[in-house]
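Assemble the whole structure, with the sequences as input and the hints as a guide.
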Amino acid sequence: MTRIPAVFCLCVAAAAQAQIGVPRAGCILDRTGSLGPVYGVPAILMPGTAVASGVISAACSGQLALVKTGSALEVRDSQLRLLARWPAPPGPARLAIGANGAAAAYFVETRELVAIEGALAPRSLRNALPGAVLAIAIAGTQYLDAVVSIGGAAQLVRISLASGAIERAAALAEIAGGPVMLLPDGTLVYGDGANIAILRPGGAERRFALPAPAVSIYAMGNQLAGIAFAAGTGPVALRLEPGRERVFRVPEAAE
Amino acid sequence: MTGRAAIWMLLACSAALAQLQLTDSTGNAYAPGQAIDLGGIGTAGTTAAFQITNTGTAGVTLNTLTIQGQGFSLALSGTPPPALPLTLDTTASLSFTVTLTPSGVGAYSATLSINQNSYLVFANVLPFHIAVTPGTLESGQQATVSVVFDVVPASADAGTLEWDFQAPPGGAAGDMGMGLLLPAPSNELVPPRGSVAFNIGAGQNAAQFVIDSSGDTAASLTFQTGSTAGTVLFTVALGGDSTQASFPIAPAPVWMDTILLNTGPGAITLDVSGWDNTRSASQVSFTFLDSGGNILGGGPISADVSSDFEEYFQNPPLGGEFELRAAFVVTGDTSQVNSVTVQFTNSAGVSSANATIAAE
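Chains as they are written, first to last, in my numbering: chain A, 1 to 255; chain B, 256 to 615.
Rather than coming from a laboratory, the hints here were simulated on the basis of the structure. All clues given are correct.
Okay, the calculated bits of chain A under chain B, using three or more residues with CB under 8 angstroms as the criterion:
| hint | region |
| --- | --- |
| 1 | 20-28 |
| 2 | 35-41 |
| 3 | 44-51 |
| 4 | 230-238 |
| 5 | 244-254 |
Every residue gets a Cβ at the ideal spot worked out from N, C-alpha and C, and that includes glycine.
Put into structure tokens, the structure is as follows:
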């Protein structure tokens, strides 16, 4: 009991080191393939200057960003500064960033699944997964989950990050043929026509109307999903925290 | 009555009237005989609030408070509303509203009488009005604005919508998170002051904003309210008519949108993202709790952050938005920490928010 005050004996001095800056919400991938930071808090965001072009797929968390271009896979920090770049197959990738900094990528064209650990070259986990991989997520420190579509039926497949072996597969509730995003806790975010649905692991679902059918969903930032549309409709973001879900528009940088 | 008596009576009335000051809801004062312009309004009508204050040094009896004019009505505020005559003691005030319920478009006028004094009240009822959703604005929102025609025009026309974010007197402007969010293909956030042209076709009931040079239009525009207290003012000009609608964004206690609490060996870090639309944050306190809700460390850890925030808000890139990162050096077992309560104080009040340890 008497230890507790001592535990915090240096806190006041430490608090004086507080830093104040602009809140960083994550990143935005625009329809031209430019990736840039986005600042602010939800609903009053402000885009920053693009730092990368030719981006096909991206995922951003509070700490890291994974970026897939036509020929490379990149890891960037929270400021979108380049940390590492490796050659990669052409085409899009499904990307995942775990809470502990682990990351993974699935190259759609070659159907290869790789794990990314720090600045080390990506480690191949599997050369193929059954069906079409729609989304992946790092589920803790040992597993990676993937949403796959086999013959039109969706499954949640759990894969060992150590061996790449499929640990289990379970049928998922029917999800429409639109884009899908999978969160580490098993929450599914998927497009269903001109709606976006958030399906929690317990079965609770929330739906929001979109201005048009979603073309892609990506991790924009911590608890933020970015939703892109076909030309003619501006991007929106979906706040994902339970109880605070909402859709709002995201401004883009002037061209 | 003799001439001298009449003069004395006039002087006596003027002395009494001079004690009653008429003001509107924005604080504008009206001298006796002055006109009161309710502006261009839609066919749904409008209600304007006023106040009569005894600014003299002696009580004044209010015998008459009426309005005469087609479509106008007057109501005293209060439950139940006071009856006349009544005496207003010195510094006392009486609130009332004037409502115009028009029967159609056109010019409306009325005479407002306060004892022996009178004021001309007038309004121009237009076939359109400015519609903002939601009707009450606050910081951190996205809202929409449109120009709705209550009387469908018989012929095509064109006009402009101007918008202006107005910081309060002495307040800080410069909020790049506030502004109109143009529709695709632009998707740009344009600054907190500007204008956009619109067209209205014959038989249409909503203006179509011209959003780019190729002629693309939209029936409503989204705008971000930003993170600075003030007023959003919209002005529509169409032909020779114009109308304004102002939407206040009230000063608010600090809004903490997200708090990320992380612990590690010998350290606790906190990231607090939010906004302070008064830009006056002065005090912050952190109370760490264990999983049983017991306060750790003997109580809140408080800090005076006024100079830090004052410096940050000197030239803020995003209005009142901020991220505060606080690092605590700890000499014991940080795994005891389960949650934190953060409390902020600014000129609008005190706010608090809780966060638990971020999931691994």
